[in-house]
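**Q** Please arrange chain B on chain A, whose structure you already have, making use of the hints.
2 protein chains.
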Amino acid sequence: MALRRLSTMDSAFLVLERQHLPFHVGGLMLFQPPADAPPDFAAKLAERLRQSTQTAAPFNRRLVSRLGVKFWEEDRDFDLAHHFVHLALPQPGRIRELLDMVARMHSAHLDRAYPLWRTYLIEGLEDGRIAVYSMIHHALVDGVAALRVQMKTMSADREESLTLPAPWEMKTRKTRNVPLPIPAFSTGSIATVSALLRGGRKSIPAVTRQLRRSLQDYRSNNPDLITSFSAPRCILNQKITGSRRFAAQSYATDRIKAVGEAFEATSNDVILAMCGGALRRYLDDLHALPESPLIAGVPVSTRRDDSETGNQVFFALTSLATHLANPAARMRAVKSSMDYNKQRMAQMSVAELVAYSSAMYAPGVVNMLTGLVNRKRTLMNVVISHVPGPRTPMYWQGCELTGLYPVSIVIDEVALNITLVRRHDFVDFGLIACRKTLPQVQRLLDHLETALQELETAAGVKPATAITGKSRKRTHKPA
Amino acid sequence: MALRRLSTMDSAFLVLERQHLPFHVGGLMLFQPPADAPPDFAAKLAERLRQSTQTAAPFNRRLVSRLGVKFWEEDRDFDLAHHFVHLALPQPGRIRELLDMVARMHSAHLDRAYPLWRTYLIEGLEDGRIAVYSMIHHALVDGVAALRVQMKTMSADREESLTLPAPWEMKTRKTRNVPLPIPAFSTGSIATVSALLRGGRKSIPAVTRQLRRSLQDYRSNNPDLITSFSAPRCILNQKITGSRRFAAQSYATDRIKAVGEAFEATSNDVILAMCGGALRRYLDDLHALPESPLIAGVPVSTRRDDSETGNQVFFALTSLATHLANPAARMRAVKSSMDYNKQRMAQMSVAELVAYSSAMYAPGVVNMLTGLVNRKRTLMNVVISHVPGPRTPMYWQGCELTGLYPVSIVIDEVALNITLVRRHDFVDFGLIACRKTLPQVQRLLDHLETALQELETAAGVKPATAITGKSRKRTHKPA
Chain A
15 MALRRLSTMD SAFLVLERQH LPFHVGGLML FQPPADAPPD FAAKLAERLR QSTQTAAPFN
75 RRLVSRLGVK FWEEDRDFDL AHHFVHLALP QPGRIRELLD MVARMHSAHL DRAYPLWRTY
135 LIEGLEDGRI AVYSMIHHAL VDGVAALRVQ MKTMSADREE SLTLPAPWEM KTRKTRNVPL
195 PIPAFSTGSI ATVSALLRGG RKSIPAVTRQ LRRSLQDYRS NNPDLITSFS APRCILNQKI
255 TGSRRFAAQS YATDRIKAVG EAFEATSNDV ILAMCGGALR RYLDDLHALP ESPLIAGVPV
315 STRRDDSETG NQVFFALTSL ATHLANPAAR MRAVKSSMDY NKQRMAQMSV AELVAYSSAM
375 YAPGVVNMLT GLVNRKRTLM NVVISHVPGP RTPMYWQGCE LTGLYPVSIV IDEVALNITL
435 VRRHDFVDFG LIACRKTLPQ VQRLLDHLET ALQELETAAG VKPATAITGK SRKRTHKPA
Chain B
15 MALRRLSTMD SAFLVLERQH LPFHVGGLML FQPPADAPPD FAAKLAERLR QSTQTAAPFN
75 RRLVSRLGVK FWEEDRDFDL AHHFVHLALP QPGRIRELLD MVARMHSAHL DRAYPLWRTY
135 LIEGLEDGRI AVYSMIHHAL VDGVAALRVQ MKTMSADREE SLTLPAPWEM KTRKTRNVPL
195 PIPAFSTGSI ATVSALLRGG RKSIPAVTRQ LRRSLQDYRS NNPDLITSFS APRCILNQKI
255 TGSRRFAAQS YATDRIKAVG EAFEATSNDV ILAMCGGALR RYLDDLHALP ESPLIAGVPV
315 STRRDDSETG NQVFFALTSL ATHLANPAAR MRAVKSSMDY NKQRMAQMSV AELVAYSSAM
375 YAPGVVNMLT GLVNRKRTLM NVVISHVPGP RTPMYWQGCE LTGLYPVSIV IDEVALNITL
435 VRRHDFVDFG LIACRKTLPQ VQRLLDHLET ALQELETAAG VKPATAITGK SRKRTHKPA
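Chains A and B, in that order, give the protein sequences.
Heads up: take any position in the first sequence, counting from 1, add 14, and you land on our numbering.
Heads up: take any position in the second sequence, counting from 1, add 14, and you land on our numbering.
Take the hints with a grain of salt, since some may be wrong.
The list cannot tell twin chains apart, which means a pair is met if one copy fits it or any two copies do.
As the list claims (entries may be wrong) - Computed cross-link-like contacts, EDC-like style, restricted to lysine to aspartate or glutamate with a CA-CA straight-line distance of at most 20 Å:
(1) Lys271 with Asp353
(2) Lys253 with Asp93
(3) Lys390 with Asp426
(4) Lys185 with Glu87
(5) Lys58 with Glu140
(6) Lys58 with Asp114
(7) Lys253 with Asp91
(8) Lys253 with Glu87
Derived by calculation from the structure, the hints in this document are not laboratory data.
Just chain A, with the same shape it has in the complex:
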């Protein structure tokens, strides 16, 4: 393989990386081995995977510098033992020990002298399941692409799954369809410039029109308009350390859908309302709930027919309505905020949207990182991201997939990230947070359940009868 120069975006992930701020994404997967699996099933699986040495791009690419410019180069001394590691949980092998282990591994940097990924096969869960935790640097692939590779190694057929290669043997298209974890100032500028180059100067009148519309909504106190200074700075918005806490749990897809139908809202709206309810309770317990509503940064796909570049993703700033005690009122306010976002976004081309949001939110990015304009306000309080998952039961190496929890990135001033995968039967939540900044993050899991129950009650949905088929359990301990 020849040298491949890194894109501006890929370089940004490396340049912006700091000791306390690694830019890798991860995923924790749980698998149920076959009923007749022997006691050394995990050790044998590890041994089999160690034979999988036909590494495909990008898993064989390592970073090299030539005269200060960074390139990808094929690693000719590829050392699988560095990348694939077999681990075990200590007794008693609870989910709690697993989440602690994942948090520790996610806190460590990948060594830039090697291809920037690692996969851990973890045995010793008390319920007999095995876990796989994978981490990969955002400069190599984004989380969606990483998940896509994982899915390609699985099959809806248990037998067929035994014939599929290891994830690192799967050739993957390089994709870049999620932005930086936040619209950081430097990449914001890059994005503005390239959007204007793509969209041409003809975008400018449309963007000006949209900014004028925002000014009108601001003057008329439209609560759905989120400005650079809407988010109240709270304990979620501090400088972070390099240590992470990870929490994960699954909630039945049917429950979320039922609430959505009752409120004529999308499942995504319901999930945001759940997060709003959980964060309200979490901050209230800590006597740290701001008076004005928390603002979530929600990556939204902006795929359009008129877009040249295929998938693009945009950060919608959405109210979580945490100022409202009533669950139904909170649900309606979150839906209204998301509907407003979608309606405004529909009026713009991708190029216009990027230019608009740079103009609208650049002051907020600066303020978030410096506090120079308004120390009590910030751009967003939390990132809530959703990723589409498999729509049917899936198998990997003969084992059924029972959980797929994203392990994302937190950054200075946004110390909590909630990313979830929607599978056919469960929505798998992965919460990653700065360990030192945010206490007792695992309580958010209970608060999410409580928030969902409150929404079910408000919607008049009877949870016990809303569940059908295999999804008997209402909450699924990782989860």
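**A** Frame of chain A; chain B shown alone:
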């Protein structure tokens, strides 16, 4: 605790630290639980240690910055779960899996937002032993002090050992009696200045005399004089990556003593000759053995009655005589090199010694780091360090100590460090190396055994009868 400003030396360890170059030291200890230990012995021990929350200095000190100056401050949110972690080895639980795990943990940085240490209790070894791996930043305490704390938590009496507190509850004197892992240029200059301040200008004639003596020895081709440019640059002397390989093994103290007596050499001379023999074979296998002998940097204590500052340590540069195929000739050459070092050092006060070595070796430090003077030569090829260990059997929490392996630091241009602890029955070798730079480091363990056997044969020592008492095994797999 008030703020304590860091010393220049402590700050140096933090300032010089890089992503690929962490400055923490570690130790791997192996323990044999009591014969009647239940299967959940390790889990219960972990639970007991988790109750040990009365953390003493320096284990409760975290780093803070005030106006750019670094201080130690008591961590008021001390979070033991961050520092003490219970782990398990995957099946089959061989020493190999343990060494891999330790290497991975040693490759990760400590988070500067927390007190700079971590201790891991590891269960799951197939032979039923338990392991403890501890890491602590060199800015907090040095390796010798860290070992001293560990020893204070142990007892020669099994019952008494059950009553002793956890290591982090042991108040320890702050000591600083080992230097930087190498005499880096910046700290070399600091050392020169402070030595001259301490020793006064009256040192200068003595230092000049010693430098003149070195010049005479150089002109007369004295092979025992090691200059700045004696060491042949080889594969041991490359830029390192951030990933480590760890190898460990024990060799019976009696065997080493017997060889020493036969050659009228110290045990330390024999150990250096073993290292020389092992490195000769290792490099020869890789077709990378230089023609001229490898030079080891050997930290040597320079305690004197005339020294004001108590213990000081100096890097003696010593030939490993790797150019000699004959083990007896190699043994005699190593002894001669060490004797020359000791004789020269005995003629100087500590202040003179520091000033002399700065003048003598500063060009070598610069050359080692830059290659500007002579790309084929360097200051030293390897660091070989020894640490005194316990002289009797010791117990910790009711378990017998059966191995105590140092896990030290490697740096750019010195990719291998061999540090050993001399206990009553075994000498425990810990070899730490850059994983990417040096292949198959674990082979050095076999080569050390071979080198010792060759020395035994050359000495006419019968190994089988030289072993007495409990030390029946001649080599002790960690080791």
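**Q** Between Lys253 and Glu87, at a C-alpha cutoff of 20 Å, which is it: within one copy, between copies, both, or neither?
**A** Answer is between; shortest inter-copy Cα gap is 19 Å, intra-copy 35 Å.
**Q** Classify it for me, Lys253 with Asp93: is the Cα-Cα distance of at most 20 Å met within a copy, between copies, both or neither?
**A** between (36 Å within a copy, 18 Å between copies)
**Q** Between Lys185 and Glu87, at a C-alpha cutoff of 20 Å, which is it: within one copy, between copies, both, or neither?
**A** within (16 Å within a copy, 50 Å between copies)
**Q** Between Lys58 and Glu140, at a C-alpha cutoff of 20 Å, which is it: within one copy, between copies, both, or neither?
**A** Both: 19 Å inside a copy, 17 Å across copies.
**Q** With identical chains treated as interchangeable, where does the CA-CA distance between Lys390 and Asp426 reach 20 Å or less: within a copy, between copies, both, or neither?
**A** Intra 16 Å, inter 46 Å, cutoff 20 Å: intra-copy only.
**Q** At most 20 Å between CA atoms: does that hold for Lys58 and Asp114 within a copy, between copies, both, or neither?
**A** between (25 Å within a copy, 18 Å between copies)
**Q** One pair to classify: Lys271 and Asp353, alpha carbons no more than 20 Å apart. Within, between, both, or neither?
**A** within (18 Å within a copy, 82 Å between copies)
**Q** From the Cα coordinates, with 20 Å as the cut-off, is the pair Lys253 and Asp91 best called within, between, both, or neither?
**A** between (38 Å within a copy, 16 Å between copies)
Violated hints are absent here; each numbered hint is respected by the structure.
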